[in-house]
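Trainee: What follows is each chain in one-letter form.
Number of protein chains: 2
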Amino acid sequence: MTAAYDSLLAHLRETHLLTGAAALLAWDQETGMPPGAGDERARQLALLARLQHERRTEPRVGEWLATCERDPDGDADRAANLRELRRDFDRARRLPAALVEELAATESRAQLAWVAARAASDFAAFRPWLERMVDLQRQKADCLREPGHPRWDALADGFEPGMTAAGLRPLFAALRPRLTALRERLAGGTPPADALARRQVDEARQEAFVRAVVAAMGFDFHRGRLDRSAHPFCTNTGGDVRLTTRFRRDHVLDALGSAMHEAGHGLYEQGLAPAHRGTPLGEPVSLGVHESQSRLWENHVGRAHAFWQWCWPLAERHLGAAVAGFAAEAAFAAANRVEPGLIRVEADEATYDLHVLVRFELEQDLLDGDLAVADLPARWNELYRAQLGVEVPDDRRGCLQDVHWACGLFGYFPTYTLGNLYAAQLAAAADRALGGLAPWLARGEFQPLREWLRENVHRHGRRLPPAELCQRATGAPLSAESFLAHLERKLPTVYGL
Amino acid sequence: MTAAYDSLLAHLRETHLLTGAAALLAWDQETGMPPGAGDERARQLALLARLQHERRTEPRVGEWLATCERDPDGDADRAANLRELRRDFDRARRLPAALVEELAATESRAQLAWVAARAASDFAAFRPWLERMVDLQRQKADCLREPGHPRWDALADGFEPGMTAAGLRPLFAALRPRLTALRERLAGGTPPADALARRQVDEARQEAFVRAVVAAMGFDFHRGRLDRSAHPFCTNTGGDVRLTTRFRRDHVLDALGSAMHEAGHGLYEQGLAPAHRGTPLGEPVSLGVHESQSRLWENHVGRAHAFWQWCWPLAERHLGAAVAGFAAEAAFAAANRVEPGLIRVEADEATYDLHVLVRFELEQDLLDGDLAVADLPARWNELYRAQLGVEVPDDRRGCLQDVHWACGLFGYFPTYTLGNLYAAQLAAAADRALGGLAPWLARGEFQPLREWLRENVHRHGRRLPPAELCQRATGAPLSAESFLAHLERKLPTVYGL
Chain A
1 MTAAYDSLLA HLRETHLLTG AAALLAWDQE TGMPPGAGDE RARQLALLAR
51 LQHERRTEPR VGEWLATCER DPDGDADRAA NLRELRRDFD RARRLPAALV
101 EELAATESRA QLAWVAARAA SDFAAFRPWL ERMVDLQRQK ADCLREPGHP
151 RWDALADGFE PGMTAAGLRP LFAALRPRLT ALRERLAGGT PPADALARRQ
201 VDEARQEAFV RAVVAAMGFD FHRGRLDRSA HPFCTNTGGD VRLTTRFRRD
251 HVLDALGSAM HEAGHGLYEQ GLAPAHRGTP LGEPVSLGVH ESQSRLWENH
301 VGRAHAFWQW CWPLAERHLG AAVAGFAAEA AFAAANRVEP GLIRVEADEA
351 TYDLHVLVRF ELEQDLLDGD LAVADLPARW NELYRAQLGV EVPDDRRGCL
401 QDVHWACGLF GYFPTYTLGN LYAAQLAAAA DRALGGLAPW LARGEFQPLR
451 EWLRENVHRH GRRLPPAELC QRATGAPLSA ESFLAHLERK LPTVYGL
Chain S
498 MTAAYDSLLA HLRETHLLTG AAALLAWDQE TGMPPGAGDE RARQLALLAR
548 LQHERRTEPR VGEWLATCER DPDGDADRAA NLRELRRDFD RARRLPAALV
598 EELAATESRA QLAWVAARAA SDFAAFRPWL ERMVDLQRQK ADCLREPGHP
648 RWDALADGFE PGMTAAGLRP LFAALRPRLT ALRERLAGGT PPADALARRQ
698 VDEARQEAFV RAVVAAMGFD FHRGRLDRSA HPFCTNTGGD VRLTTRFRRD
748 HVLDALGSAM HEAGHGLYEQ GLAPAHRGTP LGEPVSLGVH ESQSRLWENH
798 VGRAHAFWQW CWPLAERHLG AAVAGFAAEA AFAAANRVEP GLIRVEADEA
848 TYDLHVLVRF ELEQDLLDGD LAVADLPARW NELYRAQLGV EVPDDRRGCL
898 QDVHWACGLF GYFPTYTLGN LYAAQLAAAA DRALGGLAPW LARGEFQPLR
948 EWLRENVHRH GRRLPPAELC QRATGAPLSA ESFLAHLERK LPTVYGL
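As you go down the protein sequences, you meet chains A and S in turn. As numbered in this note's numbering, residues 1 to 497 make up the first sequence, in order. As numbered in this note's numbering, residues 498 to 994 make up the second sequence, in order.
Here chain A stands alone, though its shape is the one from the complex (with noise of 0.2 angstroms):
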């Protein structure tokens, strides 16, 4: 029994050394590779996925599962692992080893057109590789699924276990009226000025700046970088774990923001245990999970009144006269605008969630062969219209602007709706236990935040389900609740009223 589950740990960890490999050539694919390497590199990730894939769905890998399995003995670990295991195998065997290869040349060579396509706001030179993608997420959703079951989870199942549309839309309902009243509510008063965010930074200072805050966060840069891409990310190719974020002159809270959000995903991969690594106990239990760090840190800490008690005299220092004249209050003001608008990515606390509402019900369409690829862009801007009241002047701005779906990641786009419930209610029991996060963040010392995390989220893995690592962690089951409460308390207050 030992002798099984030794060699199944011994073979996963092996096939987790593909995983970074492949994890490098993708972060390579967008830091600095050479754009004449792209199809060469399609093929190494494509036979990088095949490999791995081959490896976790060996028969010998059912063997030991189930030699395991019959003895229910050993350890709270040993159990959760075999869990997880059974989850990841079942669910790899569906998968034919061809679709997995295909899917991942696609994804990287769709991402270099997307790229490109972005640049030029040019869907028709897009819509050929989304339409092939759409065609590759059917199938694997089709050998994924239970018959009669939805196709979106499937595959949403795969970044949320457990997440399905029907559970979610109940969630959307009850946001989007509170969300709406708080808007209207912010109407009467006094929008922020966001002089401050739109001033000239030199790029250099920028990432000087942004750097420092990564820094003080507790991001370990003995074993991880922060580099430059077109998209913000955060990878981890083996305990080396990689963010990215990007410079505008015209921008500087947008590097801040993102800077921050990928290192809350960035302190989540650190926080695995080593021990554990290759190994369900040592991988992030959920995307959902995963986004509530990044979120945590980019909305509750770098948007926090507190957070810019301590932050302003650091960007001062690195800005230098770019932003003579601002103060604090300046910088919290500029960060906590609410403005419907075109951008995901840019969107304030208190319109985001639509931007992914948007997304959800597009996915659904595609998957379930409702909305043409063709028509993508239409149905995008009408729903722009409708859910967040603006206009879309273009594909660049509008349906282009996410590269998720070129990666083949269908059933992905609610997770960060989760991940903002679940930072909220985090944020909370957090603020709770190290009673009350404020004098810490003004201070400039995160490290009490930093290991309650990790105490009560990173070590963990995928040990507990996510539903019982936040029941443990707050002492409730997720609801919206402390993320409307935050909005509610926080941006009237911005707003003077």
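If you're looking for bench data, these hints aren't it; they were derived computationally from the structure. Keep in mind it's a predicted model, so treat the numbers as computed, not measured. We put the beta carbon where it would ideally sit given N, CA and C, even for glycine.
To give a feel for the contact side, a few chain S residues facing chain A, derived at Cβ under 7 angstroms:
| # | residue |
| --- | --- |
| 1 | L514 |
| 2 | G517 |
| 3 | A518 |
| 4 | P531 |
| 5 | P532 |
| 6 | G533 |
| 7 | A534 |
| 8 | Q541 |
| 9 | L544 |
| 10 | H719 |
| 11 | R720 |
| 12 | R722 |
| 13 | G735 |
| 14 | D737 |
Following the hints, position chain S against chain A.
Mentor: Showing chain S alone in chain A's frame:
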């Protein structure tokens, strides 16, 4: 028959994807990997090495080969591919997968240990790694060699097919007296001033200058990059060729020479036929020939009088005030100063091969057990005194200067000397074919030389054995004559003789 050949090539091409992935991981290790990632990276590289080895030595590869060999028909390309594949297969089959994997892991780790040990000039810290490496190399040589044959030859054959210690000794014996006579002759002249080489030049300016030269050489940045590393190198991640150089404020000619050297390697890699990628016809034929490409650009172009006619205005433009008051003549002179020194990669053309000779002697003794690793520093210093007449002040500038042994490259150094000889003979042949190289270089028109090399060297891959390639391209077998004539013609002029 065709089916077997097609299967064989498809299998090789797929295996080659892992080679490219491993090259990227190794590139990243040298250019940007955070220090804490070294252990996991070593594991990743070891697994990729084992997977490649397993795929190359699968029984079905032997079966496909045997089937193809039973059918002697087919074109010359096929015959050349099969000849080289047989060589590769038989060689690979002699190495156990476990040894290949352990070598890869030790190479990756020993390299990181070497970086730290060199920085601290701490041989004791590197010693256990080198002991382990020598032991593994002896095991490897014992797997590869015929009974009674030298270990060194078995390893060298992997870098330069057919190269043996016995074959090299007369070559070194022929070089030494004429190089010594040349140095004695130069001693009666006036050493060129090296004030230019010692000017303090901002690194960013150096980089812009070096990039302009590398681009003018025709290196394709659409399928390549230029980065920084402690030890300059060139690697091919699968059609995407990556060069590194280094910048020192007080040595702009070092950055230029290193970059031109690596770009010479890079042009060879980029000149291989993409249609043959992953098969012998798409691979460099030997490391001696590879080095001929780097040395040709570094020395026969970058240290040529005519080159500086073109390059000096470019240098002035990029380096600015730091080089004000100098002229093309000063740059040419500074690039051609002959002075026995401590560091191989900084050596002039007339003493470089004496550095190689030292290493050639030492690695034979290490492999044969005639020299203990513990005694290496003393023996190294003794040989430098005897061969170059210099006193080694510390191990950083002594036996810790080169990464090669840490990387498992035993039997490799003499390919540098072969490269010098090939380079001179190829440069002379190109000079004849193009009606004199100088006028082209003086105008910065490098295309005719590059195309001549592409036509006569690059595009062949491993189609012709090195000796035949040399005969066809230059009309003569390899000898030291062109190299010595080149130095005896150029250097006395520089020394005013």
